[in-house]
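Each chain is listed here by its residues.
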Amino acid sequence: MYLVEEAAQLADRVFQLWIRAPQVARHARAGQFLIVRAHENGERIPLTISASRGDAVRVIFMAVGKTTGYLSTLKKGDVLSDIVGPLGKPSEIKKYGTVVVIGGGVGIASTPIIAREAKEAGNHVIGICGSRNKDLLILEDEMAAICDELFITTDDGSKGIHGFAASVLEQLLKERKIDCVWIVGPAIMMKVTSNVTRPYGVRTFVSLNPIMVDGTGMCGSCRVTVGGETKFACVDGPEFDAHQVDFDSLMQRQRMYVDEEKASVEHHHHGGCGCCGSEQR
Amino acid sequence: MTASRAVREVRDFNEVNRGISAENAVFEALRCLDCVRPTCVTGCPVGIDIPAFVQQVAAGDFAGAVATIKRDNMLPAICGRVCPQESQCEGACILGKNEKPVSIGALERFVADWEREHGMTLPGTAAPSGRRVAVVGSGPAGLTAAAELARFGHAVTVFESLHEAGGVLTYGIPNFRLPKEIVRAEIDQVKRLGVEIRLNHLVGRSVSPDELLSYDAVFLGTGAGLPYFMGIEGENLNGVYSANEFLTRVNLMHADCFPAFDTPVKRGCNVVVVGGGNVAMDAARVARRLGGEVTLVYRRREEDLPARAVEIENARAEGVHIVCCANPVRVVGEKNVQAVECVRMSMCELDESGRPKPSSIEESNFLIEADVFIEAIGQGPNPLLVSMLPQLDRAQRGNVVVDADGQTTLARVYAGGDVATGAATVIWAMGSAKKAAAAIDRILRKE
Ligand SMILES: Cc1cc2nc3c(=O)[nH]c(=O)nc-3n(C[C@H](O)[C@H](O)[C@H](O)COP(=O)(O)OP(=O)(O)OC[C@H]3O[C@@H](n4cnc5c(N)ncnc54)[C@H](O)[C@@H]3O)c2cc1C
Ligand SMILES: Cc1cc2nc3c(=O)[nH]c(=O)nc-3n(C[C@H](O)[C@H](O)[C@H](O)COP(=O)(O)OP(=O)(O)OC[C@H]3O[C@@H](n4cnc5c(N)ncnc54)[C@H](O)[C@@H]3O)c2cc1C
Ligand code: FES
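In the order they appear, the protein sequences are chains A and B. Our numbering runs 1367 ahead of the 1-based position in the first sequence. Our numbering runs 36 ahead of the 1-based position in the second sequence.
The hints are simulated quantities; they were obtained by calculation from the structure and are not laboratory data. Check each hint, because a few of them may be wrong.
Straight-line Cα separation of at most 25 Å, DSS-like style, residue types lysine-lysine; simulated pairs [what the hints assert, rightly or not]:
1. A:K1456 / A:K1541
2. A:K1598 / B:K371
3. A:K1501 / A:K1456
4. A:K1558 / B:K371
5. B:K227 / A:K1629
6. A:K1456 / A:K1443
7. A:K1461 / A:K1544
8. A:K1598 / A:K1558
9. A:K1598 / A:K1456
Computed Cβ-Cβ distance ranges for the label pairs, DEER-style [unchecked claim]:
10. A:D1422 / B:A162: 46 to 52 Å
11. B:R47 / A:P1566: 53 to 59 Å
12. B:E405 / A:G1568: 43 to 49 Å
13. A:H1610 / B:K393: 56 to 62 Å
14. B:E405 / A:D1422: 52 to 58 Å
15. B:P215 / A:E1537: 39 to 45 Å
No residue lacks a Cβ here, since even glycine has one placed at the ideal position from N, Cα and C.
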């Protein structure tokens, strides 16, 4: 059993949990994730390790379905059945020079740990946090404290620069030499944003989020096509060279269970499992 | 042996083979000739004293019989169900020359089940040695190594990456062949010997190589869990599974009970499975139970099917349609699988395995309508941990190289089961683990 040490809501439908999991916390590095099975009937879902502190790790997630909906109802002192991690390869962090770390939406959750390690490796770190509007923006203070420079963008202009992270990135690439870029967010955002760096030949990493089961390389559910080859995101990734990734296939595979997911949430509602409050928000 | 039903419509996951009664067990055991030089034992990879236990069954001493088995095999209810006895102990039984061999497997299963109902007893253990051994993986190899080492008096920690112990016994072999409560009961016995099983620990990630090597000795039983894919067009369409994923979703995550359990699986109205081994048969029979019309496609001839005859028979009885001499070449569909395009195969000259080599017949392509396609074409050793221990020599397919004792090329590190042999059987995994445990005990005692 894994104890929830802290629980908080960060933004509309976005929640944060600090969970006690020593074997994960002690080994966690930037770019890695964990898999949680919340309870005996639960699904195993992957969540990025957003920070670690002593024996605890932090995850930040958006309540989009049954499991994340359930997790959003947890309070300090509740327990989770299973946590395994850290999974996946750590980010390839070294001294590149100037690096840009971009988070889109809940993907911002992954950025502080990457930015911090990049900074510690001696890079000049520029952060870009993009969200739909100011109420959905998370971790601004944390990123501001780590990064040498931080840009905020919102789709509706309610905070920071009106527009997408991609436009800020484009501007930066025009103005100065950028040596490496990390982009974490929804697949479509990663696809669009990484296209910006392509003509400049700048090394660009994206963190892929296919549907997973075990997270240890034994099922192939997470297979993605990178540079024409099949890779298992859970062990070969989750970070890959953005310019080699087949995003369309990734997005199609992410939709494999849309019908089942709807059925699952409905069952959950009528099953009265106590998470309806959060879902009606 | 009585199969629960030989009808086509199976929808439940209850065990198909129901075992034998006490009277029948005694009656069967009485057929044993109690040979002076018993050949059956030579057919058993863990060397169970088969004549002794069979005589005990004949005398009605079921408790004695199970104690005899457990001296050499801590997982008798499992082995009694899944071992290919026809090619092992029963295959070597003298009676088999002229009539049916003694049903050793059914007897093993019977006494193990009898014990579970009447209270399980533990074999004795030696005094604590003060030495610590790490075992990686809780499949049959890891469990056997752990039980043996604990009985030798060593402090054993098993690391398992999944949230349940058992390896393939838990996530791969379906309930209708091996009920999970039986797997759990036998694993509990191993724990009661003092073995600590740490679930949710992926060695190489949650436990660093250095932490692992800080134990006095290490046994690697990480199995052959890496699924191979055919590499054909359309393989990433929605509805294409490796057998491992399909079986894991159902056996480990209970997707058959979705949405009461959260994990979904595509049930499929028309399911095509490619492969001809036990894994393929299991996938096909599970798909059948989820309500699909199931076609199994195999590239060689019917007589070449590597699955156990009884599994092929069961699959057929349950309505699995088997198409031999055919091979998928493309998965057809836009987003979801719509059909599987296959090509007919002709059999040419014999290959290294002594079987005729299949080669595709030009322009013989045909389509099988499908919404789910499952690939069961084999698995290789899980590379994650072994690739983090560069001193480990590996052979062609990634198998860890070991000597006759299970010793790897890294001092104090032993390996057994599928990670060393490539995908094999439960009992071979157990046999190699036993040898390695004995060798580990020898080096720990010498020091
Ligand atoms: C390496 C990795 C890291 C991730 N990190 C985060 C994170 O830090 N924060 C966050 O909010 N989300 C993260 N995700 C996505 C997260 O796992 C899914 O949102 C979650 O599984 C949804 O589960 P659900 O039951 O609530 O929703 P569902 O109703 O099951 O599904 C909703 C959406 O989630 C996707 N999804 C469903 N099951 C899975 C699964 N097993 N694996 C991946 N995606 C799935 C579906 O495609 C669908 O679009 C990550 C995914 C991966 C692969
Ligand atoms: C569907 C199916 C049906 C089968 N049917 C039969 C049958 O009827 N009869 C028969 O004799 N054989 C059968 N087999 C083969 C048999 O199951 C295997 O040969 C046997 O399980 C091998 O045992 P093992 O202990 O070596 O590996 P496994 O059973 O594969 O166990 C390995 C374990 O190690 C864990 N692991 C891997 N890497 C790590 C790591 N780095 N850290 C921590 N844990 C790790 C895995 O999660 C797994 O639990 C079948 C196999 C399959 C897939
Ligand atoms: S999630 Fe199963 S192999 Fe990656």
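Evaluated hints:
Proposed proximity of K1456 (chain A) and K1541 (chain A) is contradicted: the alpha carbons are some 31 Å apart, above 25 Å. Restraint check for K1598 (chain A) and K371 (chain B): satisfied, since their Cα atoms lie roughly 20 Å apart, inside the 25 Å limit. Restraint check: the Cα-Cα separation between K1501 (chain A) and K1456 (chain A) comes to about 32 Å, which exceeds 25 Å; the hinted pair is violated. Under the criterion of a C-alpha separation no larger than 25 Å, the hint pairing K1558 (chain A) with K371 (chain B) is consistent with the structure, at around 19 Å.
The suggested pairing of K227 (chain B) with K1629 (chain A) is violated, with an alpha-carbon distance near 40 Å, which exceeds 25 Å. The suggested pairing of K1456 (chain A) with K1443 (chain A) is violated, with an alpha-carbon distance near 30 Å, which exceeds 25 Å. Only pairs whose Cα atoms come within 25 Å are accepted, and K1461 (chain A) paired with K1544 (chain A) is accepted, the gap being roughly 17 Å. Only pairs whose Cα atoms come within 25 Å are accepted, and K1598 (chain A) paired with K1558 (chain A) is accepted, the gap being roughly 18 Å.
Restraint check: the Cα-Cα separation between K1598 (chain A) and K1456 (chain A) comes to about 13 Å, which is no more than 25 Å; the hinted pair holds. About 35 Å separates the C-beta atoms of D1422 (chain A) and A162 (chain B), a value inconsistent with the hinted range of 46 to 52 Å. Roughly 57 Å separates the CB atoms of R47 (chain B) and P1566 (chain A), a value that falls within the hinted 53 to 59 Å. Separated by about 46 Å at the C-beta atoms, E405 (chain B) and G1568 (chain A) satisfy the suggested range of 43 to 49 Å.
Evaluation of the 56 to 62 Å hint for H1610 (chain A) and K393 (chain B) yields a failure: the beta carbon distance comes to about 41 Å. Remark: the range hint 52 to 58 Å for E405 (chain B) to D1422 (chain A) is upheld by a beta-carbon distance near 53 Å. For the pair P215 (chain B) and E1537 (chain A), the supplied restraint of 39 to 45 Å is violated, since their beta-carbon distance comes to about 60 Å.
In summary, the numbered hints that this structure violates are 1, 3, 5, 6, 10, 13, 15.
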